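J.: Now for the letters of each chain:
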Amino acid sequence: MSAPSAPAQAGEVLLTVDDLKVHFPIKRGVVIDRTVGYVYAVDGVDLSILRGETYGLVGESGCGKSTLGRAILRLTEPTNGSVVFDGTDVAKLKGEALRTGRRRMQMIFQDPMSSLDPRQSVESILVEGMKAHGLDKDKESTNKRLRELLSSVGLPESSLRKYPHEFSGGQRQRIGIARALAVEPDLIVADEPVSALDVSVQAQVVNLLEELQDKLGLTYLVIAHDLAVVRHISDRIGVMYLGSLVEEATADDLYETPLHPYTRALLSAIPVPDPVVEDSREQILLAGDLPSPANPPTGCRFHTRCPWKQDTQCDTDRPVLREIGAGHRVACHFAEDIRDGKIARHEVKAELVGASADLNPDLEPPAAANVGL
Amino acid sequence: MNTLLNKKKEPIDKLAGASAGGRSLAAEAIRRMARSPVAIVGAVITALFVLLAIFAPLLAPKDPFARTMQDKVELGRGIIPGPMPGYPLGVDDFGRDFLSRLLVGAQQTLLVGVVATLIGVAIGMIIGVLAGAFGGWVDTVLMRFVDVLLSVPSLLLAISVAALFANPNQWTVIIAVSIVSVPIFARLLRGAMLAQRDADHVLAATSLGVKRHTVVLRHMLPNSVGPVIVQATLTLATSIIEAAALSFLGLGDPDPSRAEWGLMLGNAAQHFLDIRPELAYYPAIAIIIVALGFTLLGESMREALDPKNRR
Amino acid sequence: MALLEVRDLRVVFQRRGEQGFAAVDGVSFDVEPGQTVGLVGESGCGKSVTSLAIMRLLAKRGNKVSGSVSFEGSDLLKLSDREMRDRRGRDLGMVFQDPLSSLNPVIPIGLQITEVLERHRDMPRKKARIEATELLDKVGIPDPSRRLTEYPHQLSGGMRQRALIAIALACRPRLLIADEPTTALDVTIQAQILALLKDLVQDTGTALIMITHDLGVVAGLCDEVNVLYGGKIVERQERHSLFAEPRHPYTHGLLASIPRLDAGRGEKLVPIRGSVSDNIPWEDGCAFAPRCPNAVAACRESAPELVPERGGLLRCYNPVLPVVAAREGTR
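Protein chains in written order, with our numbering: chain A, 1 to 373; chain B, 1 to 311; chain C, 1 to 331.
Simulated from the structure, these hints should not be mistaken for lab results. From a predicted model like this one, the values you see are computed outputs, not experimental measurements. Errors might be hidden in some of the hints.
[Stated by the list, open to error] Coverage of chain C stretches by chain A, computed from C-beta distances (three or more under 8 Å per stretch; other residues unrestricted):
#1 154-164
#2 183-196
#3 210-219
#4 236-250
#5 257-263
#6 269-283
C-beta: ideal position from N, C-alpha, C; glycine also.
All chains should be built: construct the whole structure from the sequences, respecting the hints.
T.: This is the structure in structure tokens:
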């Protein structure tokens with residue numbers, strides 16, 4: 001992907017995802033493996049991210065948000081759909097074009113332990129990306145750049161010759177951020193950037209990410225399960241459930257007027273460090289387990305647990321993400337009626353599902369997902 | 001969390017881990033081994049063995065091939081003289097100084113063990129890396145082949161391969177023994193590579209735009225090598241024993257004048273065990289001690305490299 | 001006399017040839033019957049080790065436990081192994097964080113419950129099975145009689161945790177210790193489990209010690225909260241007071257650094273500088289001093305004691321001023 005003639009300006013659309021699907025085949029077999037089914041990790045997602053904004057993607061395990069993030073970066077192969085980044089469909093790139101194209105979209109990983117190669121010194125970690133794109137030609141300027149990178153993430157220069165295991169979790173995460181910044185990307189996908197860190201360190205890293213965005217004009221896609229963190233850092237938020245986007249709105253709108261039943265349940269489930277709020281607020285408890293992504297319910301994926309499920313449409317027709325109010329999209333047949341109070345909540349009988357941990361696409365993509373270039 | 005109660009009052013802006021730093025994992029592992037008695041014993045035995053092998057010709061008091069005392073030996077009447085002045089361990093059936101043969105034998109034995117292991121590692125690694133890095137049908141085909149090799153008990157496999165050669169010699173022994181260890185290394189590497197393929201830091205390198213082969217060679221392979229080193233030391237030990245077994249069974253080098261422990265053991269056990277059994281015991285004990293040394297070294301290396309032991 | 005009285009509990013871990021490390025460094029607290037007490041802190045603060053020490057579940061070697069843990073009058077630390085085994089399950093129940101590793105994977109769920117019932121309540125097998133079915137129903141597992149013969153891996157994480165709670169409550173213990181019971185679960189499942197715990201505890205009058213790092217969980221569940229740092233309790237308060245006016249700089253810092261769902265976007269998070277490993281030993285001063293914005297000279301000379309404060313306890317020479325605390329506290 002060569003440099004575009006006129007890079008997208010702030011406020012313009014930087015990334016558009018159109019009907020993206022990631023289906024992992026489930027293989028069984030003794031000598032030769034046959035495909036016996038699919039895990040529908042991401043099942044048709046449309047979204048756009050504007051340059052300079054922070055888009056938060058939330059959902060619980062099995063919703064496919066991590067898989068979506070990796071599919072956008074082609075770390076997992078999309079089964080279908082397009083990912084248009086600044087005019088080029090990344091999903092269709094191959095070979096060298098893909099490799100050079102990667103420079104503009106980087107990832108920050110969840111686990112600070114495993115995301116850094118334990119055998120590499122910090123200097124080597126930071127320089128590697130630069131080397132891959134020929135940015136390290138001049139030794140002088142490379143060194144300068146390394147020092148800049150370290151200082152922008154709040155680490156001392158002496159870190160260069162040290163190894164990852166000599167740092168704490170929060171510091172390792174900073175190294176990971178510096179590594180992503182080294183190649184001067186436009187978009188950074190942060191996959192659970194703070195969930196593996198101690199609570200008192202999370203705020204440091206969140207603040208750092210915000211600072212860097214202001215300073216460098218970065219665009220973020222933040223994937224997290226902690227809605228409080230996401231609300232704090234995001235301009236817009238998308239809520240995912242079982243492979244689909246069920247609601248999308250600005251952070252404030254989502255919190256003040258959640259329209260999708262799942263969003264409402266999610267918001268009410270999050271513990272708030274304030275006893276007065278906790279005692280007084282109404283809880284919407286979901287019944288039962290998350291259905292298996294290998295065997296999603298018919299129609300609306302959420303209907304098996306939805307306290308507002310109706311007898312028509314919910315179990316037969318899959319709702320489309322449609323706009324209700326400015327910039328607020330919901331995938332629910334009865335969103336307006338629920339909002340206006342025309343439909344009451346009812347009790348849901350819990351349906352037991354077998355353990356879906358081994359089919360959870362966010363935790364362990366099966367071996368069939370190969371790391372393509 | 002840093003768990004030691006440190007007695008220093010650290011100033012508040014000193015970050016955790018702000019030592020002089022720069023110690024790689026390998027260096028830390030070596031430090032850990034230096035404190036373990038098992039590692040030290042293993043290392044000492046191994047070092048002695050290697051030194052012995054290198055300097056044996058200088059250390060041997062007599063020429064190991066000179067049949068100087070041959071006239072004193074009368075196999076027909078069941079006479080092999082025992083220890084004599086100048087021949088502390090006695091002589092063998094050809095009147096050669098046994099001590100010298102034992103010392104020089106270290107050279108040949110080490111050679112067999114090292115070469116067989118190296119060949120096994122090399123071939124096994126190639127198979128394992130290819131299977132792990134490519135996956136798909138490459139993986140399937142290679143692993144089925146490895147499964148076939150693994151399904152035969154190791155000694156039986158070695159014997160079968162050795163028996164294929166019309167003219168058994170030192171090299172046929174080495175090849176037979178190395179083939180036994182190939183599937184072990186292949187599986188080890190493949191498993192490690194598969195684990196690395198999904199590792200975050202490998203994904204990170206890919207997403208940075210690093211070329212595929214660089215990712216494999218610089219990120220996946222080096223992190224897979226730890227268990228291989230450990231296994232190699234253990235394989236060295238078993239290779240020596242298997243080579244000795246082959247010689248014992250008569251599938252090795254038929255030339256009895258060669259000084260190699262397995263050969264000496266086999267020769268003595270077959271021909272004059274009832275006359276002078278020590279001539280079989282000495283090489284057996286030597287093999288056991290050396291195998292033990294390598295095993296201890298390998299085990300302590302495995303412990304030292306275990307990430308759970310890292311603080 | 002309180003149901004549980006922990007006095008000056010100390011747990012020192014010692015590896016061969018190294019200095020000892022006091023994971024729990026003089027912790028004292030009470031639990032009244034029916035009360036829910038929270039132990040809050042981050043990783044390494046000693047909260048889990050405290051609960052393991054109370055239940056006498058620490059390894060036999062490598063650590064030294066001192067102090068007293070008085071349960072209904074008898075010191076648990078002085079009981080023999082056998083007597084302690086009688087107590088566990090019958091009088092004291094425990095729910096752990098990871099249900100998959102806490103449940104025996106090769107034994108069906110039903111058997112794991114009936115085992116406890118047979119041992120401690122001397123129930124014949126048949127009666128125990130009926131009781132087990134009722135228990136599973138009480139914890140909200142659908143179709144409980146079928147579940148009895150299933151294995152842990154056949155249930156989802158949330159269901160497993162419910163099963164664990166069922167096992168823990170099978171013998172109606174007077175005290176239940178829950179160590180991060182929902183940390184490994186999704187947030188909507190967490191809400192279910194916490195609601196369940198709250199209901200059960202109220203229905204049966206069981207006292208509960210809730211161990212967690214999540215202040216939100218504590219806010220909704222606990223009557224009294226102990227904040228731990230570096231193996232010591234640094235603040236104890238009734239929950240409304242703690243959140244309305246956190247006086248210890250650590251508690252205050254934690255609350256200021258956690259993003260709140262109901263907070264507007266403009267409000268900046270105020271992190272606590274440094275990390276958990278930037279501490280000094282309690283012998284030399286206050287362990288939190290290197291990170292504390294309120295640190296004064298006295299903080300590096302000697303460790304502060306726990307002193308009474310607004311009905312609770314506080315360990316600080318220079319606590320956060322009430323005005324500031326109230327501003328940053330409950331909004």
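J.: Going through the numbered hints above, which ones does this structure break? Give me the numbers in ascending order.
T.: none
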